[in-house]
Amino acid sequence: MKSFSTIRSIVSVLFHRSQSEAEMDEELCTHVRNRADDLERSGLTRAGAERRARIEFGGHERFSEECREERGGFWLETVGTDLRFGARMLRKSPGFAAVAILTLALGIGANTAIFTLLDQILLRSLPVKDPQQLVLLDLVGHQYGNSSGDNVLSYPMYRDFQGHNEVFSGMFVRRSTSASLSFGGEAERVRVELVSGTYFSVLGVQPALGRTLMPDDDRVPNGEPLAVLSCRFWKQWFAGNRDVVGTTLMVNNRKLTVIGVAQAGFDGVETDRAANLFVPIMMQEAFMGERKTPLLTDRRTRWAQAYGRLKPGVTLEQAKASLQPFTHSLLEMEVQEPAFRHASAYDREEFLNSWMNVLPAAKGFSYTRNDLSAPLWVLMGTTGLVLLIACANLANLLLLRSTARQKEIGVRLAIGASRGRILQQLLIESLLLAGLGGLAGLALAYWADQALMAVYLSATSAGLSISAAPDAQVLLFTLGISFLTGIAFGVTPALQSTKPDLHRTLKAGSVVRGRRGGMRQTLVIAQVAFSLVLLAGAGLFLRTLTNLRRVSPGFPAERLIGFELNPWRSGYTTEQSKEFYQRLTENLRSIPGVLSVGLAAVRILDGSEWDSGLTVEGYSASRPHDHPQAFMNKISPNYFATLGVPFVAGRDFTPLDGRPIKKEANQETAVAASRFQDEEESTTAVIINETFARLYFAGRNPIGLHLGFGTDPGTKTNMEIIGVVKDTKYTGLRDAIPEQAFVPYLAAGFTGQSGMTVYVRTSIDPAPVMRAARARTREMDANLPVYAMRTTEEQISDSLLTERMIASLSAVFGFLAALLATVGLYGVMAYAVARRTREIGIRMALGAEKGRVLWMVMREVSFLVAIGLATGIPAAVALARVGGHWISGMLFGVPATDPVNLALAALLMAGVALLAGFLPARRASRVDPMVALRYE
Amino acid sequence: MQAQILPGTLDLLILKAVSLGPLHGYGVLLRIEQISGGALLVEQGALYPALFRLVRQGLLEASWGTSDNNRRAKFYELTSAGRKRLRQEADGWNRLATAIASALNAQPEEV
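Protein chains in written order, with the working numbering: chain E, 3 to 938; chain D, 28 to 138.
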């Protein structure tokens, strides 16, 4: 009741402000008039009666004000007044307003820009029902067999868990893969998510059109040619045409019938590889290739991720504990299977030690999330510090301004304004500034994010589906930090300026020395310290980038083109693929300007890897697992010539070296242990790199010696080493050079299913050759998409995108921080000098030399800078000690605690700061005693 | 001899005055003077903040009407919450007044 009447009172004030003001005025005036009537009746003249009535009533304005306060909503009303007043004050000093808003816009904008990315890449949950219930199964331990991807299980194991657990209300399995979609005589590469029939129902994703996949669509291997489109893909490719349901698509040369479109905004579970199509996992052979043992029944190949939805009330720990006994019984069962018949005791034992981990999966799965996590958090911390420095600057500015306004405030306090009221007004002025800065920051962040995404995230943003447009989350964040910023820089100056010594302020010209100056100096010291930390961080990332740029891949990266294609996906048989590759090689070689053409199964410096345990003839591992774990590649003759990798010994492959080899390994296959397929008794050729030779043939000539696939006891060493090549990088520039082994691509196990990367070395500018290569391939088959065509130089430069982003952003932020700190220092010193003009004048009149005066000021500057550095250096060291291991993955060739780096940062900071202090010092030394003494 | 009213008692007096029938602001002043036998002096302007406060607290209700002298005026009326509050405050005041009176009348022999 009471609160209702209060609300009504406030509402009437807010919405009928002028009316209620008029009514209040009328009511008070009527009182006076009534009183005057009575007084007149008692014998006074009308004029006398009215005067008397007004006197009796008391201060009209005072009581009006009290009525407003009592009416409720008073503070809201005063906020409005204060905002108007604040806006007027800002308009009156546009220079101050511009500097303050610009500073805030930079600080808040930087934070908003980074948060926009951080939120979308690291924090956002999948747009599905109750995402926090989703978990990803992760079998931790020693695999005996192949695995492809992270956190993967074999399909049969997923089915076992699906039928045998008490903790999940539902489970699904998925695998992301790329495919070739033919469309009107053209072909494009699309992203396909192979999913179980339970996928959509467990995730709770609804169809936007038609229907989604159901458990009934998940029964017959190769017999469920269906596809669900992602909404984004549907809009891009089919312009949102509703007739798409029921049509057929040619994907990897198979007809798939479109049955529906998934809910808008859902791009699959793998957030950095947005899915275009969802296809029943029963169709996997059309995407993953045919094998002797189909993937749907093979327990020795792990390739698909199994997810579960926790039953309500079940915790992660409970689920983990509940799954262990069954996991172990499955492992026990598997180890008895024939596939383990050659396994060593060590392998069996390690295999049985595996356990099932359960990972939270509310945000889905992403390979890049982990790579971007540390950089984004570091940048977030950096921008946070920049904002703190900006706050310190503004607090300083406001302190100076409040000194200038001290008389105004003093007068207001003296005539009876309450301190709270003035405090409110000053804080509202700060919040107004922060709000304007926040708005400008929001615009700045939008622009900055677009630029960032175009420059640094172009490679990943296509798959990441992130946008620079601020959403509700980002707006809330910006509002929040703007508010906090306004309070942070506003509260100290407001408190300081509302408790002046009235007596002293009202005296003209006198300026209070002491504590307020101390506050300003403290702020400058903090700014110097923070800036030093940021400069040291920027130094680390810049040196990382230069170090990485200096790393050579082991061959000249200029004028080397690489592109990928996969004829198998366009319906080529093994023989056709083989013939196609040979024809393509000849064709490309005839392009003018082409020096050489070579093929490789694994694209190098691309993060991809295929590694395998090998047995080395005449080398016995001292421990069970000291066998070489070599990074492998399947290559054509002339591959090394094309890359420009010289032979140290022996010779290159010839077409005749494509003699039978036992094992076909998928490009995406990681760990391989042998003997899953029956062996043929034959020998093939193999080339190794220098590191391999050094590690396993120390002193011996490896040419003519033998290797074998796998590390099981009794593995046949039937690959003859025919050559040794110079070392090259494999997965990326950061990684150490591993032992490598190369086998001919056209061997007996060749199926063509995994596609190849084609390398072309040119003698001229690569651009026309790239166009020609594309055209020639199209002439051979327009239905065969060529993708990822880039020069190796571009590829290397793209592989350093994250490093470049963090180096340049941290440099920009470090520079900004140093600039703000410098401006802050300059401001404080300039003010101090101005304040002491008379004192300096007297000193000079009494014979002080210019040098002495200069030194007097510079001593104060040096003191501030020295204390700033003395706090900043230990802070930087402590930060590097604590966070060093965390950012070590982001550094290359420079330790987080590098003293040279820190010293350089300190030197730079000191130099800039002393320069900023020198300007006011020089002004002080040029004070004309005559002018100074007349001053004031 | 007129007495300044004690702080905090103005609200009580207004409630009492209005409880005897709807009044406009000036009427409240006159009514208080009348029922106190002219003994209490109310600062005229201070009446209005108090009236606004009582409206906001939901103890009074205000509506515009016409006064005896044909002027537009804002009339105040007691709400049921106001009536309840008046009873409580009056009881409290009477208890306090009795207690103070008996304390002040205490004789040496009673101690």
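Misleading hints may appear alongside valid ones.
[What the hints assert, rightly or not] Label pairs and their computed distance ranges (CB to CB):
no.	chain 1	residue 1	chain 2	residue 2	range
1	E	V493	D	S94	46 to 56 Å
2	D	G65	E	G60	17 to 27 Å
3	D	A73	E	A49	40 to 50 Å
4	E	A49	D	S94	14 to 24 Å
5	E	I9	D	A73	21 to 31 Å
6	D	A130	E	A49	20 to 30 Å
7	D	I127	E	I9	37 to 47 Å
8	E	A416	D	A130	11 to 21 Å
9	D	S94	E	K409	46 to 56 Å
10	D	Q61	E	D27	23 to 33 Å
11	E	E58	D	S94	17 to 27 Å
12	D	S94	E	V101	13 to 23 Å
13	D	L131	E	V493	47 to 57 Å
Calculated directly from the structure, the hints in this document are not laboratory data.
A quick note: this is a predicted structure, and the numbers were derived from the prediction, not measured.
Note that the Cβ used here is the ideal one computed from N, Cα and C, for glycine as well.
Hints not upheld, ascending by number: The structure breaks hints 3, 6, 8, 12; every other hint is satisfied.
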